[in-house]
Each structure stands twice: as C-alpha cells, then as structure tokens.
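Chain by chain, the residues run as shown.
2 protein chains.
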Amino acid sequence: MNIKKLNTIQTQKVEAGDKTKFQVLISPDEAPNFAMRRFIIDPGGSMPRHTNTVEHEQFVLNGNAEVSIGDKIYQVEKNDIVFIQAGKIHGYVNTGNQPFEFLCMVPNKEDIIKISG
Amino acid sequence: MNIKKLNTIQTQKVEAGDKTKFQVLISPDEAPNFAMRRFIIDPGGSMPRHTNTVEHEQFVLNGNAEVSIGDKIYQVEKNDIVFIQAGKIHGYVNTGNQPFEFLCMVPNKEDIIKISG
Chain H
108 MNIKKLNTIQ TQKVEAGDKT KFQVLISPDE APNFAMRRFI IDPGGSMPRH
158 TNTVEHEQFV LNGNAEVSIG DKIYQVEKND IVFIQAGKIH GYVNTGNQPF
208 EFLCMVPNKE DIIKISG
Chain V
108 MNIKKLNTIQ TQKVEAGDKT KFQVLISPDE APNFAMRRFI IDPGGSMPRH
158 TNTVEHEQFV LNGNAEVSIG DKIYQVEKND IVFIQAGKIH GYVNTGNQPF
208 EFLCMVPNKE DIIKISG
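Residue numbers (our numbering), protein chains in the order written: chain H, 108 to 224; chain V, 108 to 224.
Please note that a few of the clues may not be correct.
For identical chains, the list gives no copy identity; a pair is met inside one copy or between any two copies.
Said to hold, decoys possible - Cut-off 25 Å, straight-line C-alpha distance, at most; resulting in silico cross-link-like pairs (PhoX-like, lysine-lysine):
no.: 1; residue 1: Lys128; residue 2: Lys185
no.: 2; residue 1: Lys185; residue 2: Lys120
no.: 3; residue 1: Lys185; residue 2: Lys112
no.: 4; residue 1: Lys179; residue 2: Lys111
no.: 5; residue 1: Lys126; residue 2: Lys179
no.: 6; residue 1: Lys111; residue 2: Lys185
Calculated directly from the structure, the hints in this document are not laboratory data. Bear in mind the structure is a predicted one, so any value in this text is a computation, not a measurement.
Build the full structure now, drawing on both the sequences and the hints.
Put into structure tokens, the structure is as follows:
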C-alpha cells in the first residue's frame, strides 16, 4: 500500500483501557522496521499505568490528557511529542471534553505488556 | 526527554526543496530504533522526486499535496497515511493554499538521498 484514508481503517477496542480504542495505520506486516497506530481515548476515558518492552514515539493529534511517565505527570495537548522509553511505566487520563487522539509508533519487536497494580 | 512542545523545536530549511522546511521531533540520538520529523511545504512549494535508502512512514497533519510515488500520483490531505518503500522514487507538490505538513518517521539507518534527474 502507499496511501490509506484514516476513516477506512478498522477501529478496535483496547481491552485494558476505559473508553479507549485504536487503529493500526501501518502494521508490522506492511513495513520492515516499525508500526504506526492511532489511539483514541474518549472523554472520561483512560489507560491504566502499564509497561511495554518496546519504546513509544507519540504525537498528539487532538484533545488533552494527563500522562504519567515514571514518577512524573504531564499535561499534554495537540502537537505535543511524547517519548516513552522501553520498560518505563506510563498511563493516560483524558482530562478534556474532546477525544484525546495520538499516534503511537513502536518497533517491530515482541512487546510484553504488564498492567500495573 | 519525555515531552516536547512542537513550537520549541528548531525549524531548518530543506536545501533540496522549494519553500520547504523541517523539524526533528525525536532524533536518532534520543530513540534507539527510528526518528520522527515534521516537514512543512509552504503554498507554492515542492520537494523534487528523489529516492532514499530507508523507508518512510508518514501522516498528513495539514494541507493538500500531490504526492508521486513510483509511476503513480496521489492527491493527499489531512489524516492520510503515506508509506514509501525504501528505494522508491517519490516527490511532493503543495497544491493548496495552506502549508502542507506531515510527520515522517524513518529508521535509524544510513540514508543516502538521490535527487532525480
């Protein structure tokens, strides 16, 4: 594939999240080194604190959230860039009245996810 | 770093492009596997057809452009996903009256760029 339209891509529920869904924009089968996904956390929704064995490179497309990374808490908004090191605990709470939407790129490596607490 | 604000990141001119600049959002020194950049092609601007030795994963943030990939031409707009295989010739022409802005992720590998004819 060379071009995809965002609204043609299937949306899936994130089981561990609350009011959270995602789309795989470029899958590990389509690209040799890393994948592109889009996450949508609806107002009132959240993703619990968890760790991944792979790093995350994220770009915020819309909305507002409180993002916890390690022992720090950040207020993030549209156009913010977020980097989460491999193994670092992190979580998200939508603090606004719009969907909190972000791209999340991850390397094509096995990812073991551990939910905290 | 964990969080960056887009407007705090230095903008650099793309010498091979016309009215084109870019920002390095996450550099190869900051992340182990791939880098995140943002390109901005102003109205009337373009990037000539060229090849890279690395693939590109792109997400359109704003504007409209004609993107040529190999022997095909696509009209792309905000929220489109663009994948350009390693070695595939490609180029961009801003066809709108707004800046054409896109994220471009590339693996942390040597990239040899060849401008076409």
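Verification of the hints:
1. Lys128 with Lys185: both (18 Å within a copy, 21 Å between copies)
2. Lys185 with Lys120: Both ways: Lys185 and Lys120 sit 22 Å apart in one copy and 24 Å across, limit 25 Å.
3. Lys185 with Lys112: both (21 Å within a copy, 9 Å between copies)
4. Lys179 with Lys111: between (36 Å within a copy, 14 Å between copies)
5. Lys126 with Lys179: Answer is within: at 23 Å inside a copy they meet the 25 Å cutoff, but 39 Å across does not.
6. Lys111 with Lys185: For Lys111 and Lys185, both the intra-copy (22 Å) and inter-copy (11 Å) Cα distances are at most 25 Å.
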